[in-house]
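**Q** This is what each chain is made of:
Protein chains: 4
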Amino acid sequence: MAVFSNAKNYRMAADVPLLIPEVNADHAAAIVQQRRLRNWSGCIITNANCSATPLVMALKPLQDTFGVRKVMVTTLQAISGAGYPGLSAYDMLDNAIPYISGEEEKVESETLKMLGNWDEGHGFTAASMVVSAHCNRVATREGHLECASIELGREADPEEIIAAWENYQSEPQQLKLPSAPEHGLLYSREPDRPQPLRDRDTGRGMTVTIGRLRRCPILHYKFALLGHNTIRGAAGGSILNAELCVSKGLV
Amino acid sequence: MAVFSNAKNYRMAADVPLLIPEVNADHAAAIVQQRRLRNWSGCIITNANCSATPLVMALKPLQDTFGVRKVMVTTLQAISGAGYPGLSAYDMLDNAIPYISGEEEKVESETLKMLGNWDEGHGFTAASMVVSAHCNRVATREGHLECASIELGREADPEEIIAAWENYQSEPQQLKLPSAPEHGLLYSREPDRPQPLRDRDTGRGMTVTIGRLRRCPILHYKFALLGHNTIRGAAGGSILNAELCVSKGLV
Amino acid sequence: MAVFSNAKNYRMAADVPLLIPEVNADHAAAIVQQRRLRNWSGCIITNANCSATPLVMALKPLQDTFGVRKVMVTTLQAISGAGYPGLSAYDMLDNAIPYISGEEEKVESETLKMLGNWDEGHGFTAASMVVSAHCNRVATREGHLECASIELGREADPEEIIAAWENYQSEPQQLKLPSAPEHGLLYSREPDRPQPLRDRDTGRGMTVTIGRLRRCPILHYKFALLGHNTIRGAAGGSILNAELCVSKGLV
Amino acid sequence: MAVFSNAKNYRMAADVPLLIPEVNADHAAAIVQQRRLRNWSGCIITNANCSATPLVMALKPLQDTFGVRKVMVTTLQAISGAGYPGLSAYDMLDNAIPYISGEEEKVESETLKMLGNWDEGHGFTAASMVVSAHCNRVATREGHLECASIELGREADPEEIIAAWENYQSEPQQLKLPSAPEHGLLYSREPDRPQPLRDRDTGRGMTVTIGRLRRCPILHYKFALLGHNTIRGAAGGSILNAELCVSKGLV
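Chains as they are written, first to last, in my numbering: chain A, 1 to 251; chain B, 1 to 251; chain C, 1 to 251; chain D, 1 to 251.
These aren't lab readings, by the way, just hints derived from the structure by calculation. Please note that the accuracy of each hint is not assured.
Unchecked claim - Here are the simulated DSSO-like cross-link-like pairs (lysine-lysine), alpha carbons at most 30 Å apart as the crow flies: (1) C:K70 x D:K70; (2) A:K248 x A:K8; (3) D:K70 x C:K106.
If we strip away everything but chain A, and leave its shape as in the complex, we get (with noise of 0.2 Å):
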């Protein structure tokens, strides 16, 4: 039996793949070393916090491109990524809350392993950048939005790092996996986008939108970026991981 878990327990084990298909597809492969050191017939993959999932997606293309040495990210979570019943409408309406249990350290953490290495010699090793954040719950029903900041290996033009987004190519899209959105990234250009009202369904909640990228007195650059928290975040990112495991024959 292989589980594909949403979640938080295994996420960071040293022989449990914290997979996003369109980031990280060859770290399913640990699971052949799972099954062995375990000595389980059946695996474990796991995916990540929903609001470290699109974070990984947007920082992915532009690691890939320029390296990034360190990222500052503020998330502003809909109400749906703490359960039901989760929050009291009492506590929500006409308010905002700094804080969600654990959820800066999973956001810290679970980047730096996603956007590491997995060989089978060293297992996993983390990615050598710094992350750190601030989370937040809004009153929004769906979609996380995230503001970031980053510094990048190198100099590049805000054209350039467009361009890494949206000539990003990953296997999900490739391997014309049933749940994969045509586009895992999409850069839009509107100056308030993206929102979690307008944005959240697209690619049926499996894209993440970026948008607002301008220039950070501090890192390099800033932008927001978007990801539907129930469904990229949370089931439909397991699903997506079981398919990739099935069509690379991994399950």
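Mind docking chains B, C and D on chain A? Use the hints.
**A** Chains B, C and D in isolation, oriented as in the chain A frame:
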């Protein structure tokens, strides 16, 4: 006639104070020169953008005690900041918008003027720090919540920082100005504060509440802060400015 | 040219059909007379106010089976009914407004025209019932929820009433019009439905959902009903009207 | 010990007052009999459901002046009425729910007890009117808005009705009880009031605001009313009850 303006127009003018009595009461003296240069009998004194105001109030004790080199801030701003009728309900219900026209520029520039110096010979000198802002609109009625990461001028323990906030003495309280809150700043040790709904009315809307101080993996520290945008960040601020100028015999 | 209008202007005109294909498809024939009287080659056909539409759809099977004498209805209407930009977020967040200009009058008059008769000799005759409406705006995006109390023309058991709704046959479904939902009406036996969020998209926004049928101590019965105001109650209704007229060879 | 309870448990008991000082202050005397029958030294006095309370306050002057035969009421109730944590934010954001467990029954029965009589010989006699309620939950924090249609005992002009509300005299104001608002009732002539956001805090949450009186085509009149559910409809009501009983020497 003395004009105490909350509009953006004169804020950055070379002879116009951008005043928060708890922060830069000495800037008020610039109106003497302003009158002479403009050949006015009256004067104009401005108060800052509603997002810059509470940020500056939170930074001032840190600047005085440790120095501040870098400030990365992401705002979650209330709908009342847009005036009336302001935002359409159809744009805001179940949504957040990562853009407010001109707002990031104001936060980045006004902060430096307010935390800078004024003297009669040189006029206003901007503070030597860098500020980077991401400004968002969220579905709250009043109270701008802000997530800040800062680099200080020297190393400091968390308790030193909290002490700097808690022990900060400022003129409006010493002068017992009628609109001055008992505390210009309050630090909350609750894990999930400040929140717009629960903290905006502290000090009749004139107190800035700070919370969640913790280490930042990229800059030195992270924290959250909150100010009432239509009281401290608007009319209440103008009135306190007027009270200060009257008290000092400047108008 | 045939004009299918969602505007209020011609709705109550003596020669203009106010058409819901599930309810009064025979009224469409009035355009033959309209063309002659106005010496037009084209014609105008209107659809009703977004609150009147789902109410009329829920009443029609009861009128056919039992007669309907009195209808007391209180609406909880979505913000999209006010158009864009429509209502200010500052008026709607944490609020409800017991007034919508002209709305109660429209519900009270349009309902009678739609449930009345048309024949070539007499034109439109209003249904002989009385309608009283209280119209409210609430903080929902889409979907008008309505609480109705009715007096029927004769005694009836609850199951007879539900059967009247469930067995109602109407032309759009029989003609398989492209925009017709599989069911014009659905009765939900859940205790807390219909709800705007969960029921508005039923039948791609073209189905009216009814629930909570129970005895009324004053009139005979009470129930709740819900229709999607910007689909069934606006553009979707106009399109279905056009499909009906084309299908009948009237345009 | 005197218990002033806001819980539903004893409200309908034959020897327990269901008390609103502005409405049925004389019912408080029932505790003398209650003590004797139960052989208690203490007593229990209840206040009503948070929806029934403002309705009864609005009806009382009409009952005294014209008689009231029928009351059809639809409520739009705030989330705080469900307690804490109460409703899930995921159920309420962009939604309205046409059901609150047990609420309609309470409004229909408690209203009759409060508007009825008490005398030592017969105990409580229910008012001879009929009440029918539709209860809804909407996304407001505080303040229950209610739409009522009523049949009076005799014909009356609108101005007579408004005068009945405006001239109503009641004991808490005459006794100058500490928690009594200056006006138990206020009639607003604005076309779109009362609104939860703007009227709930009138009289420090103890005043009921009425508005939009107009003819009802089915019963005689329609109007809207609003009361603060967690002040007048809960703790504030209990305290006023206690103040009344102390003032009358009953406890």
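**Q** Decide, hint by hint, whether the structure agrees.
**A** Status of the hints after comparison with the structure:
Only pairs whose Cα atoms come within 30 Å are accepted, and C:K70 paired with D:K70 is accepted, the gap being roughly 15 Å. Restraint check for A:K248 and A:K8: satisfied, since their Cα atoms lie roughly 25 Å apart, inside the 30 Å limit. Of the pairs offered as hints, the one joining D:K70 and C:K106 holds, with about 25 Å between alpha carbons and a cut-off of 30 Å not exceeded.
Hint check: no violations occur; every hint is consistent with the structure.
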